[in-house]
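Protein chains: 2
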Amino acid sequence: MRRSKYLLNTLKETPKEAVVISHQLMLRTCMIKQLASGIYTYMPFAVRSIRKIERIIRQELDRVGCIELLMPSVQPADLWNESGRWKNYGKELLRMKDRKENEFCYGPTHEEVVTDVVRRELRSYKELPLNLYQIQTKFRDEVRPRFGLMRGREFIMKDAYSFDVDEETCDASYWLMYEAYKRIFSRCGLNFRPVEADSGLIGGDYTHEFHVLANSGEDEILSCNQCDYAANVERCEVRQPAAFSGPELDKPRRVATPDAKTIEEVSNLLGVQPSQCVKALLYKTENEPVLAFIRGDRTLNETALRNALGVPELELLNEGDAREVGLVPGFVGPINAPDGLSLWVDPEVLAIEASVVGANAPDAHFTHVHPSHFANYQVTSLRQAFAGDPCPRCDEGVLASWRGIEVGQVFKLKTKYSESMNASYLDEQGHSKPMVMGCYGIGVTRTMAAAIEQNHDDAGIIWPVQIAPFHVTLLSLDVGSDEVDGAAETVYQALTDRGVEVLYDDTKGRPGFKFKDADLLGIPIQLVFGKRSLNQGLVDLKMRGTGEKRSVALAECVDETIAALRQQGWEHH
Amino acid sequence: MRRSKYLLNTLKETPKEAVVISHQLMLRTCMIKQLASGIYTYMPFAVRSIRKIERIIRQELDRVGCIELLMPSVQPADLWNESGRWKNYGKELLRMKDRKENEFCYGPTHEEVVTDVVRRELRSYKELPLNLYQIQTKFRDEVRPRFGLMRGREFIMKDAYSFDVDEETCDASYWLMYEAYKRIFSRCGLNFRPVEADSGLIGGDYTHEFHVLANSGEDEILSCNQCDYAANVERCEVRQPAAFSGPELDKPRRVATPDAKTIEEVSNLLGVQPSQCVKALLYKTENEPVLAFIRGDRTLNETALRNALGVPELELLNEGDAREVGLVPGFVGPINAPDGLSLWVDPEVLAIEASVVGANAPDAHFTHVHPSHFANYQVTSLRQAFAGDPCPRCDEGVLASWRGIEVGQVFKLKTKYSESMNASYLDEQGHSKPMVMGCYGIGVTRTMAAAIEQNHDDAGIIWPVQIAPFHVTLLSLDVGSDEVDGAAETVYQALTDRGVEVLYDDTKGRPGFKFKDADLLGIPIQLVFGKRSLNQGLVDLKMRGTGEKRSVALAECVDETIAALRQQGWEHH
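Going down the list, the sequences are from chains A and B. At position 530 of the first sequence the residue is numbered 530 (the numbering used here), and the sequence of numbers has no breaks. Just so we're on the same page, the numbering used here is the position in the second sequence counted from 1, plus 1000.
Keep in mind that a hint or two might mislead.
To be verified - Label pairs and their computed distance ranges (CB to CB):
1. B:E1121 / A:N81: 42 to 48 Å
2. B:K1531 / A:E571: 39 to 45 Å
3. A:N287 / B:R1051: 51 to 57 Å
Said to hold, decoys possible - Examples of chain B residues lying across from chain A (beta carbon under 8 Å, computed):
4. K1033
5. P1072
6. R1099
These aren't lab readings, by the way, just hints derived from the structure by calculation. Since we're looking at a predicted model, the values are computed, not measured. A virtual CB, placed ideally from N, CA and C, is assigned to each residue, including glycine.
Working from the sequences, and respecting the hints, build out all of it.
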């Protein structure tokens, strides 16, 4: 592609409206143009990358037997009423009426439609398993669209839905997709982790999110430096110590701790480590107050507590409510707690030989508390894992912390939709059973944004070659010189003939501007054609990623370029 | 693809709701499932064909420098107010409000959005010409969605928009696209014609529709059997004879023709040919009554008359109105016509040496009318062309008539949108000028439907190999036999390895059913594996299109199949 005939006007300045780096760089490189809040035109430079991501997705899903179809974006309300989501989905669902006043929505997801297709099409266990996917534009009317393509309203998504006879084969479908996703993100050239995630209450046994690692990621994930284990922090397991089983040394001693309410205040006052103190956290569910105890130096994992209680929501108990149930805020502990409270204790707390706990009385704590002094409690893992924790799975590993951007998720839906929408099959005995479903999403445009969040520097984007809009950019520093034009043209044609996608900057402009512009665009390899070098038969080759520059003989620059592309993982189709 | 793992349940019976053949066959071959009126899921067998059409379109548009982008489907009302179409588009525009009560529509076309992108992006004549395209789902809320994908509400379209500095370069852009369209439909394996079409009043100098020829087509088109000329019948030019220039033989003779009003009645009564009579047609525009005269054996082309008058609408004049302006219905002629009427005469009429015309008096006609007797008229081509007419362009050709399905259109928009939306550029002298636009559409899903309308027989679809969902289908007649399974499997792998897309029917079923099913699906080549043939080392190869069948040696069937595919125009990518 000749730059002079292309639509790619870069910006020197960062537009003020953009706060995250991918948004800034996409605006500066003419990848997106906002049409309305959260609604963007994907400009030519972006579309090239999107198509490559889509191609990789298609190839890998086809490989595992997932079958492409394309469902409508405009969906009738009837179906959404069947699943109950017409009411429950809320304002994120963009609703409309057609000329006959029938109600429709712009599909934000397709569980209803695909379940309808399958229930009308399939009858027998012999036709299962089946896994269907599509790549499609979706719309979610976000409250606060922001961060460019990271949280837009109209976006491109790959969604897939598997249908199985039972949980076991559903698991097989799930893990096939899990492996396909790993190959997809690898082939996109991204540094990513599949992480165990919380599936919430509706969820199945497990769900994995696929995170692209980037400092700007919204999510914290922890991963082992030795084995494959990785999890969203809220889901990350903790390797727990055994409870302290030595003899009780003494009875708890009650000590006065006037005004010492926080762990810091108590440990300072008593001259003990925070890790010896027990932190009490006061919550309430819809039905009851809950006390959670963790070690003083730890952070509570609210998701873990919620899951232990089996409730969808938890609220912190305010001081007034706490007093009402007989608690003394700042001095709450596991001994002499008021009746009727649910007490949950993290195993680490029970590993402390002599701990410090609130005395459930004003300005008082107990010290020398032995695990056996705790009464009427349940034990469950409650603390958040953190970087440096030992891996919960392998014996050698230590967890490291990353920021991640969720670009994909695999999820066991089980029979949520097949039951409400009556999608059933006949088993070998002729009994009707609900199909067991899984669903699998990849944010296509989000993946492109995440790739930029992960791969950039101060000068601009650094595209992974696999999803780069172009593989190589030719910079002509002396447009109009017969010698330079001729050489650049020859190399342009030769690379193109060998399947390399080239952006040929044939515009007039100062070298300094061209170099900056090329760095901003982030095409993996830059080939620079200037009179001075060409007089010596040389062309400058720069790797955008490493910044490495070298002069190569004009006659060899095509082969050198292709070798360098291959080294970066370029696959020629 | 193994049929046992594919989603492709064919129907023996034709569903009652389908009246056109493509709709019937798409339902029977599990290509589409209706979700709501005019809204369909494209099932896997259809998606494969759609992707191939899209691929051909992309390749050919990229080749002529057309650049792909992707604009939003959800478009703000503001832009449509600028162009005036928010009001004018009517109920076909699917409108909606987002959570903030802002008005949007689901884009049925993208002139507004693309003009907005370009006006914000471009400044100078140096950046022109520019031609942008996208392939996208669109929605038009048709009053009467029908005929399956032929007139759906949600459909896939390729739309492109060119921007030029002036009409001359716009013409160049137009013809580039015209040629690209020819290559696109050729590569889709379709028998088609680009035909001159009427651009209406907003139109530019010309517009072409691309029609797939099919008996079921809604449009009549005429095309030369010698040269490239083809036109929609309403736009088709007519080769006109010179006016009769011989001497006047006599004065018109007034003859009584009581109750003889039609051409048939008059010619019978007077014993002359209808071609010697002159037919008068009475119309009115908003402003005036109009008389049009054509030869008695011809049909008026209303579009030609409307264009000659420069009006968007014409209405037939009813008898009452005709009498009011002094006309005598049934006896209207060009001599002694009442004052204040606009008279238009087709050249053929003036080529008659002695014609018969109405006398503008009850029960009377003139005979022996010489062209010089006509008064106060204008000459313009008014009659419809028909099959058998000489070609208006070449000397040898004769027009043939076809039915066509419009699948694409190229159109000069000129400055309609660039003026109303202020999309201008600075010319070399620094003057601001509106860009000159063209627009270019291809109905992707409609093309697939038209392909079926054109290529089918009583047994089912006959796919052109270039857009066939699969190239070859393997039919195993003895599933479970080691010999047959082994041979079929080997050929399946060998063909797949060579880039041939194979549907392998590995299901158990009666041979008769399998043959019918394969004919219905219409995959170009059928390879039949049965015990009896295999014992002789043979496989049966059937060409779906011609029905030709032959036995080929198992060892050669891969090469033979590939040769047959190539002969049909298969291009391996």
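>> Could you work out which of the previously given hints the structure breaks and list their numbers from low to high?
In response: none
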